[in-house]
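Colleague: Line by line, the protein sequences are chains E and L. So the first sequence is residues 1 to 430, counted in my numbering. So the second sequence is residues 431 to 864, counted in my numbering.
Cut-off 16 Å, straight-line C-alpha distance, at most; resulting in silico cross-link-like pairs (EDC-like, lysine to aspartate or glutamate): (1) Lys453(L) / Asp372(E); (2) Lys568(L) / Glu302(E); (3) Lys453(L) / Glu376(E); (4) Lys453(L) / Asp366(E); (5) Lys15(E) / Glu376(E).
It should be emphasised that the hints constitute simulated quantities derived from the structure, not laboratory data. Since the structure is predicted, the reported quantities are computational estimates derived from the model, not experimental observations.
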Amino acid sequence: MNNWTVFENERIGEKYYYLRHKSGLPIYVFPKKLASAYAIYATRFGSVNNTFRTEENEEFITVPDGVAHFLEHKMFENEDGIDTFAHFSANGANANAYTSNEKTAYLFSATDRFYDSLRVLLDFVGRPYFTDENVKKEQGIIAQEIRMYDDHPGSRLYYAMLENLYQTHPIRLNVAGTVLSIARITPDILYRAYHTFYNLNNMALVIAGDVDPEAVEAVADAVLQKASSFCIEQPTVLEGNGISASKKVLKMDVSRPQFAIGIKDVNLPLDPCEKARRALAMDILNDLLFGRSTEFYGELYEKGLLQDDFTVEYEWYSNCAYNAISGESDDPDAVYEAILAHLDKMKRCPPSKTDFERLRRCNYADYIRGFDSTEEIANSFLHYLFLDVDYLKIGDLIAELTYEEVIELMRELYHEDRFTLAIVAPLNEL
Amino acid sequence: MEHQRIQLLEGVFLNVVQTDRFKSNYLCLNFITPLSEQTASEKSLLINVMRRGCRKYPEQTLLCRRLEELYASEIAYNSYKHGNLHLIGFSADILDNRYAMDGMDIFSDTVGLLYDTILDPLICDGAFLPSYVESEKKNQIDQINSLINHKGRYAQKRCIDQMCKGELAAIDAGGTVENTKRITPARLFEVYEDIIKNARVEIFFVGSMPLAEVRDKLLPITSKLSPRVFCASDIEMAHTAEKVHEVVEHAQAVQGKLVLGFRTPIRGGSPDSVALRLFNELFGAAPTSKLFMNVRERLHLCYMCRSFFNAPHGLLFASAGIDNQNYSLARDEILSQLEAVQKGDFTDEELAFAVRSIENSYRGIYDNPRAVEAWFMTRMLEGNVETPEQRLLRLKVLTRDDVIRISNTLSLDTVYFLHGDVQSALAEGESDDE
Chain E
1 MNNWTVFENE RIGEKYYYLR HKSGLPIYVF PKKLASAYAI YATRFGSVNN
51 TFRTEENEEF ITVPDGVAHF LEHKMFENED GIDTFAHFSA NGANANAYTS
101 NEKTAYLFSA TDRFYDSLRV LLDFVGRPYF TDENVKKEQG IIAQEIRMYD
151 DHPGSRLYYA MLENLYQTHP IRLNVAGTVL SIARITPDIL YRAYHTFYNL
201 NNMALVIAGD VDPEAVEAVA DAVLQKASSF CIEQPTVLEG NGISASKKVL
251 KMDVSRPQFA IGIKDVNLPL DPCEKARRAL AMDILNDLLF GRSTEFYGEL
301 YEKGLLQDDF TVEYEWYSNC AYNAISGESD DPDAVYEAIL AHLDKMKRCP
351 PSKTDFERLR RCNYADYIRG FDSTEEIANS FLHYLFLDVD YLKIGDLIAE
401 LTYEEVIELM RELYHEDRFT LAIVAPLNEL
Chain L
431 MEHQRIQLLE GVFLNVVQTD RFKSNYLCLN FITPLSEQTA SEKSLLINVM
481 RRGCRKYPEQ TLLCRRLEEL YASEIAYNSY KHGNLHLIGF SADILDNRYA
531 MDGMDIFSDT VGLLYDTILD PLICDGAFLP SYVESEKKNQ IDQINSLINH
581 KGRYAQKRCI DQMCKGELAA IDAGGTVENT KRITPARLFE VYEDIIKNAR
631 VEIFFVGSMP LAEVRDKLLP ITSKLSPRVF CASDIEMAHT AEKVHEVVEH
681 AQAVQGKLVL GFRTPIRGGS PDSVALRLFN ELFGAAPTSK LFMNVRERLH
731 LCYMCRSFFN APHGLLFASA GIDNQNYSLA RDEILSQLEA VQKGDFTDEE
781 LAFAVRSIEN SYRGIYDNPR AVEAWFMTRM LEGNVETPEQ RLLRLKVLTR
831 DDVIRISNTL SLDTVYFLHG DVQSALAEGE SDDE
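Sequences are here, hints too, so could you generate the full structure?
Modeller: Below you can see the structure in the form of structure tokens.
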């Protein structure tokens, strides 16, 4: 274990091993005595990374929307015609992949032959194979995936809210692109994106389970070649503090209106740890202001304005963040007004310190519970890793939060001109 | 890990799976009752009214605050069906006492709260609170109507409705709008009393304590229960489809949804159910299944095409989201893939992959307390308690002939298609700027 460094948090009794593999790939192994081991292999390439240039090309290139997601689909195809899923299935592993705004991730879980499946994982992500024919085929499949989400009110609502909140930031783009944008994707574009972002120095491997770090290293030694240095330039996103629209109503075949209220956070700190601290403070603040134990929720529920699907979620990325308040209601405008009035009142007489302490404890307990699943550990770890934060430190950050900073955050975030309201309304409603 | 089950009193059982794998303990109280069209709406409403408050914590906000004090030991209220049974479950995910910052006995305090919510409800004049009942009736009706928001689930439900008219399989545990409207606060209390007095009770614990300790700690609840005798009638259903029904309906959607419904005499508890599970994996559940490899990968007709087995009723469904014009093509391809399996047109490798895939999911069950509970509850309801390991042994001796034999028990009953009536060019999202 000479090459590995151990990071430990004694308070919660958890640790992980870290290795910067000689190929350039950072590897993290989180020991956990559960039957399923989980591995996730990811690159910092998502829907927002659509414009870039490298040393070889002087000009910036902007790729069609949906390239990262398209590439993820296409990685499963191989030159020998055998689908990658078949290789995982041969080992009994359950494999999958996903693309989000800032990353593409390939993963599997296995209760047996873990290292064989790990070899498959590291191998197939290293072998792109794109042809005119297989790109054309995928355009048909992904078009159906896009159509499926076109009929999905939650997805339409979410993007409507983002389009309202952001003027230029690529966070507002649909991860899968559109039927028209993916029609413009070619093997050349895919290869160029692949060779730019699928560089081991821009990637990470995270494993949680009853796994031996040295055996992991042996697989990496056998499969991975040393990567060239990673050097790309992406333009600075110029996104002002203002929003793009304060309201948008979409009509769909739904039984009753659904709403999403977005609040743009324009003060996200640059320091990763400060960012994480702000996000954790926001989680508690959301519970304090809108949680199930608040009078606000109780009253609106009582009035029939809100139901059990009401959720408030702070989302943060490397260079943007927003708070999203969503649910179903017969009268979304009344909910919106009630939220504004509530915030106004809370700014004048804030929630109590007792409530803060109780809810902080809940958030801490939820963090602890997260260590009961290898899937959750690996995904949470990766999520924070790509935001340059150590997942093991999250508990300490929660413990350090103060009542004062959370209340201050409320006063600072909720600025009237940073609100937007998106609604999906039934077809027959005016 | 061992599953222990003891009878605490007649009709009340405690199940314990002791393990130190987790940082939290899982506790669930299941009340097992007969399923019927009328009471489904009532039972579904009942748990939502109980969620609103109890005598000690008469408002939802107070109840939630108490849960937060207990380290967010969320209580989940579940209503679901299994064959001819309707199950009402109250479950809690309880942080292990060793993580309490203040030495609190989180487990015992949560048991106390479960007692309050389940056995000490908010009652006035022999009825639940009328205002809670009325507002939850509206919520339940909204919930039932919201099915149309999810076109895939809607198509699935419409298919089973047409296919199983008058059968238990068509009853929705969430109830119907008409039956919900008729419920009164007094009637709801009758339903409650009937459940508390007569339902079979299966308590499940997955966590760090041994059986004896769990039994003692549950006394505040179990000492208040009385002995009961529970029986439910057997499921009766046509095993073979007599003719194929074709149903086309329309929705304001871009994509069409195709659902094929098949019948088989095999049920969850039958000896052949393991073979059926294997067939299903090979046919449409695994990522290397016949449906995935052909309907999606070869013909690229869809993003998703899969099958699932409704074990209690002996029904199997295959579904896909497609362009309207590919309706016949997709239907014929799904049927020809079934025919291929029925004729033995699959490789030993495909079969081995399917076995390993199921093996992997069985072994992973012990990683998740809810999955452990679901496994043993389902086995008990099917009347054949076996561990995942025992079932694995039965799976591994199956041959290709078993799969062929099982696939030939399936008969097509209904082809349902939800035609998407919205033209593809959506106003938003598809405009191309460049």
